[in-house]
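Visitor: Chains Y and X supply the protein sequences, listed in that same order.
Under the numbering used here, the residues of the first sequence are numbered 1 to 1193, in order.
Under the numbering used here, the residues of the second sequence are numbered 10001 to 10182, in order.
Hints are computed from structural coordinates only; laboratory data are not their basis.
Among the hints, erroneous ones may be present.
Under the rule of at most 20 Å between Cα atoms (straight-line distance), these lysine to any residue pairs were calculated in the SDA-like manner [said to hold, decoys possible]:
#1 X/10177 <-> Y/109
#2 X/10078 <-> Y/573
#3 X/10145 <-> Y/138
#4 X/10177 <-> Y/206
#5 X/10081 <-> Y/570
#6 X/10081 <-> Y/573
#7 X/10081 <-> Y/480
#8 Y/105 <-> X/10177
#9 X/10071 <-> Y/613
#10 X/10177 <-> Y/200
#11 Y/105 <-> X/10172
#12 Y/105 <-> X/10175
#13 Y/232 <-> Y/288
#14 X/10071 <-> Y/606
#15 Y/1173 <-> Y/1149
#16 X/10130 <-> Y/109
#17 X/10078 <-> Y/608
#18 X/10145 <-> Y/142
#19 X/10081 <-> X/10047
#20 Y/889 <-> Y/864
#21 Y/889 <-> Y/862
#22 Y/1172 <-> Y/1148
#23 X/10177 <-> Y/304
#24 X/10071 <-> Y/610
#25 X/10177 <-> Y/208
#26 X/10145 <-> Y/104
#27 X/10145 <-> Y/108
#28 X/10071 <-> Y/609
#29 Y/649 <-> X/10072
#30 Y/101 <-> X/10176
#31 X/10081 <-> Y/572
#32 X/10071 <-> Y/572
#33 Y/1138 <-> Y/1180
#34 X/10078 <-> Y/610
#35 X/10078 <-> Y/570
#36 Y/1138 <-> Y/1163
#37 Y/1174 <-> Y/1149
#38 X/10081 <-> Y/478
Since the model is a prediction, treat every value here as computed from it, not as a measurement.
The chain contents come next:
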Amino acid sequence: MASGQESGSTTLMDLITADPSSVPPNVTPGTAASTLGKPPVADRKTKKSTLMQIQSDTISAAKALNPIKTNAMPQRRKKTPVSYAQLARSIHELAATSDQKNSQKQLVHQVFPKLAVYNSVDPSLAPSLLMLHQQCEDRSVLRYVYYYLARILSDNSSQGLSGGGGIPTPNWDALADIDAGGGVTRADVVPRISEQLVLEASNSDPEVHARRLAALKALTFVSPSNSEILTKLYEIVFGILEKVAETKQKRKKGIFGRQGGDRESIIQSNLQYASISALRRLPLDPGNPAFLHRAIQGVSFSDPIAVRHSLAIISDLAARDPYSVAMSLGKLASPGGALQDVLHLHDVLARVSLARLCHTLSRARALDERPDIKAQFMALLYQLLLDPSDRVCFEAVFCVLGKFDNTERTEERAAGWFRLTREVLKLPEAPSVSSKENNTQSKDAPSKPKSDKPATRSKRPQPLIKLVMRRLESSFRSFSRPVLHVAARVVMEIGKSRAAAYALGANDMDEGAYLYSYADSVDATDVDRNDSSLSDGARNKALTAVASGRDSIASLLASLMEAVRTTVACECHYVRGMVIKALIWMQNPHESFEELEAIIACELSDLSWPSALLNDILLTMHARFKATPDMAVTLLEIARIFATKAPGKIDADVLQLLWKTCLVGAGPSGKHTALEAVTIVLDLPPPQPGTISGITSVDHVSASDPKSALALQRLVQAAVWFLGENANYAASEYAWESATPPGTALMMLDADKMVAAASSRNPTLAGALTRLQRCAFIGSWEVRIIAVQALTTIGIRSGEPFRLQIYEFLHALALGGNQSRFSEFQSSNGEDQGASGTGLGSLISPMLRILDELYLAQDELIKDIRTHDNAKQEWTDDELKRLYETHEKLLDYVSLFCFVPRAKYLPMGPISAKLIDVYRTRHNISESSGLNDPAVATGISDLVYQLKETPKKEQLYSIDPDLANAWAANLEDDFWSSNAPAMSRVNEFLAGAGTDAPDVEDENMVSRTSGTYEDMWAKTLLQSYEAEEDDVRSSGSSSPESTGSVETSISSHFGGMNYPSLFSSRPQQPQESRFGPATGSRSTYEGISSPVREEGPPSYSATMQRYGSFENPLARSGSQSFSSRDDESTSQKPRFGKALYDFTAGGDDELDLAAGEEVEIEDEVDGWFYVKKKRPGRDGKLAGLVPVLYVNV
Amino acid sequence: MLGWANRSKYIQLVYTLNLICKERKSRDRAKIAEKMLLAVLFTNSDGNILIERFHGVPAEERLHWRSFLVKLGADNLKGAKNEELFVASHKSVYIIYTVIGDVFVYVIGKDEYDELALAEVIFTITSTIKDVCGKAPTERLFLDKYGRICLSLDEIVWTGMLENTDKDRVRRMIRLKPPSDI
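Generate the whole structure from the sequences, applying the supplied hints.
Guide: Spelled out as structure tokens, the structure:
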């Protein structure tokens, strides 16, 4: 035989149609199938002499050159690849003569095997196949016929069978439509096929029962959407079961599989098998008692595969309706029942199904009042732990651990951990089929069949955990990779359950004990309280009392973990990946993680890790964090190892997700450290020795390996963006919560001293600033841009000393100060020289302008206040309005750069608060929507006199500073730490379970007019993460790369300002709860005038009092209308603007702009204006989106 | 860095992807009920696919799986011992693969068909192939027995579930004899 190696370049059909049986193929590569119609295999003679072979060798070369010649040589035709058309034609011909031996032989040896190569089967073959089906007697031919009929029946476009590889076939139905002549669609033939098969399947003649089985099988391939055939199939299956299932009592015990017996019983068993198999393929019918009844009868069938299928059906049914299943199973489960026999059944999957069934039933709440039944199934499950097959044993362990599918709750997992650690195994008898090791253990297990409660402790029971640990350890000694992989997975699941147990704590455990009929919850709480070291003492005591065991759980675990660690040496990456996951899960927050760190660091230096696997591990850490928030810092440290060791393989989004989760979940005390851990990524250790510090590492990586440098840069970008977005959160420093008015601080202190003081007050933020500043003048162009943006974000959000510090820095940067001041750093990066002077400067300028505007407005305000004060003037409504519009305008500007809570943010500093509130209250402007509120814009709100009060605002700024301080400090801490539901909400969201998670966010954000894109982002982000997580957890069928696209799409957009930041949703919530009760006490600003007087400038209080005298804003509304304001008419619609720069549309809904063009602004959506132009531009469009920054309003 | 101009385009893209995700999720939900043996794949040592059977894998994902598996085999199976089992995983899907003669065999499964169950499946498949071919097959031999191998596979994996595990029984079934003879 030919080696076949040389034919690798040919198609499968070329390969297979070369001489199949006798001669080594002279491969004819590149020779297309000869389409000259000829029956290719018409009269093939296999028994040719070796002479022929010599001849063939000589002619083959010529043939390869000229395929037409083969026509002239009929005896060699078989060498030509056969086209589908030829095959089809020969089937038709041979079907007509199927009674002849010769044609049967050809069908079996030539035509059918070749047909199998094709993807699908032409429905027009069906008539010939059906003819064969009716007339042919040859078993082999018939088997093929059933095979192809099944393939025609199965709807291969969606799922089910799709034929052998490589040779795609056209869409037959579409072809048939085109080809009017002999066109046969599947729709035409399926009824005929099914009719014939149904007929055959209903034939109860024992002579043809083999064909009956095959017909039944072929029928199950029908697509589930075809309800007509399905109904018939149900009828047939139940009809067969009706006849054959009843006689089950006749079965002789202990005899399985193929045994001698009377003909009738064998036929019966065959039919039992076929019908149960067909039933398994049919859609589950949970409500149907007949379905359940037949399935349960199937447990007693003699065919092992039939038993397997029926158990699978039952366990599926049990998940939906445990009560009726348990009732129907009845005494089958009792000792000596059929389920006990399954324990000895030589079919692994049957026992696996049994384990799942037992687990479902023993956990079912519906069976709470029948503890005896539960106990039976529990006992069965424990017996399965001793199963010789690892598959069954581990399935049982999973069941014990509470891992059933991927939807189990934390409580179940926690209960699983306690079950594992506390359960004491008592076996009815030593099972006959158990491994050597387990035999030794089960010997001393007393036979007490009915008890599963640990309370009824007998003399020498076997602790469950010991058994499991031994089993696992022996598995880790295996050489088989699948076994290692699965063992590591079991350990991981143990870790998960353990983490869940820790997370829940004692109180929840009581509930768990009640739920799962645990007697000694005292013991449970005992164990749980000193959770740090797994409570060796208490545990040990309990166990020694019970099991005379000297091993504590901790020591058992330790030896197990030792076995796990040695498995890292396995050469298979996937096994190692699983081991690392297991280690991460078994890691306790209070243990030192140096060992784990060392293992991971050492592992990652291996270059051949697939990146999907690494990201998988990152996601595992994510899950680990969700289970135990205490581990944030540990996990971030590990994540840092990933980022530094394998930057090219880590998805920045996955990493960012991890950072964010850790930061949010770390709680008030942890978040500073968490942010620190993130920022360390910025100081990635240089891959090459010789660099002075981490600062220049990016450039140096690029020198060594451009690809990983790029990846690293992306990670750094992500980190920089993350830092900018979340530093304020981590530092609990917000401009709108700062207690000291910035103006006074400015006046009092020298800026440098102030910065120093601030950094000592808030080291987290100061540290972040330092890092960002360093990034802003070092590193690649992209990193610098993002760093500058991040700085601006922090600048806008932070209180005073920080803002000033950033302002100064940016100013210096814009002036090109970095060139001179930091020139020593510039040597490393050639690219920067050109870019830093102009490019960055122009990029910074709008940001600087924002800050400029803020400061200008502040100065202006202070000046105004002074003027008013000195002149003892009162603020007129016009002045107030101007002030308010400035406020709004600044808010709009600021919102372009980053999210700030519109209702609370005061661009002109806290002193503007009262004035703005005065104006707002008087004109019923709601804080959140501002002047964009249509009611305000049209002046309607002015007509409504005090319709709604907006008291919360002034509460915020009128409370005494101490209180405000305390509140500002505790704001988000309260929210995240003490508020357990919130935390779990985050967890759910991250788990993909919580579609309700973004609710909080939504209700806050919808109120902002400019929140649309923000919203969208939040939603898209959440949903895509959800999908991603979902993929991870359950829908694993997704292909390796398919989710990757989603992940990367989520963003590389951290440069944009629209990423929903942590705090975008957060601050409002606690404010409400905090100040809600207070609103009743003080309703208007008169009420608060006294605290104002204390803290504000004296002049101010005078004005305040004057406002107090305004009685009726209605009266003034006419006079103050829209008098003489030109440039600040942001409130009016329509607004007009002028394009500042050229803008080229990047999307369908965007609009080209030419600098200087006049536009009418219709709407603003988070940084974008929807504008109309007077005449169409280059793109011919009149209206569309343009960036706000491009338009001068 | 993402420019202003790209943003709306980008947002659109994310939306579309989102829709796709949702759609796939709902489809996956429907599929969850059936714990499937997702695929069986045979390739030769050059990565040409000889036989493939997908169950419940959407058509657009099959391509990914093929390339993923072929790469896996090319990386690991060269020079491997006959029937030495290899393991891989992707998310919650497990892959077991091996080499028999010149032919690489991969099986993919999830849930119930975890590593060990798949090892069972692949053991059945390899032993049946050896039974059909008489030995560990060369590529040529495998192709010669192509039809019978397809039939055997049809008996071993039936609509995404493991059916017969006994090679003798498979041999009987492909000759259209009942599982237990009279």
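Visitor: It remains to establish, for every hint, whether it holds in the given structure.
Guide: Here is what the structure says about each hint:
1. X/10177 <-> Y/109: holds (19 Å)
2. X/10078 <-> Y/573: Since the Cα atoms of residue 10078 of chain X and residue 573 of chain Y sit roughly 16 Å apart, the hinted pair holds (cutoff 20 Å).
3. X/10145 <-> Y/138: holds (19 Å)
4. X/10177 <-> Y/206: holds (13 Å)
5. X/10081 <-> Y/570: holds (17 Å)
6. X/10081 <-> Y/573: holds (18 Å)
7. X/10081 <-> Y/480: Since the Cα atoms of residue 10081 of chain X and residue 480 of chain Y sit roughly 13 Å apart, the hinted pair holds (cutoff 20 Å).
8. Y/105 <-> X/10177: holds (18 Å)
9. X/10071 <-> Y/613: Roughly 15 Å between the alpha carbons, so the hint for residue 10071 of chain X and residue 613 of chain Y holds.
10. X/10177 <-> Y/200: holds (16 Å)
11. Y/105 <-> X/10172: Cα-Cα ~19 Å, so holds.
12. Y/105 <-> X/10175: holds (14 Å)
13. Y/232 <-> Y/288: holds (16 Å)
14. X/10071 <-> Y/606: The given pair, whose Cα atoms are some 18 Å apart, holds under the 20 Å limit.
15. Y/1173 <-> Y/1149: This hinted pair holds, its Cα atoms lying about 14 Å apart.
16. X/10130 <-> Y/109: Roughly 19 Å between the alpha carbons, so the hint for residue 10130 of chain X and residue 109 of chain Y holds.
17. X/10078 <-> Y/608: holds (16 Å)
18. X/10145 <-> Y/142: Between residue 10145 of chain X and residue 142 of chain Y the Cα gap is close to 17 Å, so the pair holds against 20 Å.
19. X/10081 <-> X/10047: It holds: about 18 Å lies between the C-alpha atoms, which stays within 20 Å.
20. Y/889 <-> Y/864: It holds: about 18 Å lies between the C-alpha atoms, which stays within 20 Å.
21. Y/889 <-> Y/862: holds (18 Å)
22. Y/1172 <-> Y/1148: holds (15 Å)
23. X/10177 <-> Y/304: holds (18 Å)
24. X/10071 <-> Y/610: Measuring from Cα to Cα gives roughly 11 Å; hence the hint holds.
25. X/10177 <-> Y/208: Within the cut-off at roughly 10 Å; holds.
26. X/10145 <-> Y/104: OK: residue 10145 of chain X and residue 104 of chain Y at ~17 Å, within 20 Å.
27. X/10145 <-> Y/108: holds (11 Å)
28. X/10071 <-> Y/609: Holds, at roughly 13 Å.
29. Y/649 <-> X/10072: With a Cα-Cα distance of about 17 Å, the restraint between residue 649 of chain Y and residue 10072 of chain X holds, given a limit of 20 Å.
30. Y/101 <-> X/10176: Distance ~18 Å between residue 101 of chain Y and residue 10176 of chain X Cα, so the pair holds.
31. X/10081 <-> Y/572: holds (15 Å)
32. X/10071 <-> Y/572: holds (15 Å)
33. Y/1138 <-> Y/1180: Holds - the C-alpha atoms of residue 1180 of chain Y and residue 1138 of chain Y are around 19 Å apart, at most 20 Å.
34. X/10078 <-> Y/610: Between residue 10078 of chain X and residue 610 of chain Y the Cα gap is close to 18 Å, so the pair holds against 20 Å.
35. X/10078 <-> Y/570: Between residue 10078 of chain X and residue 570 of chain Y the Cα gap is close to 18 Å, so the pair holds against 20 Å.
36. Y/1138 <-> Y/1163: holds (15 Å)
37. Y/1174 <-> Y/1149: Given pair residue 1174 of chain Y, residue 1149 of chain Y holds - Cα atoms ~17 Å apart, limit 20 Å.
38. X/10081 <-> Y/478: Holds, at about 17 Å.
Figure legend: structure checked against the earlier numbered hints; every hint is met.
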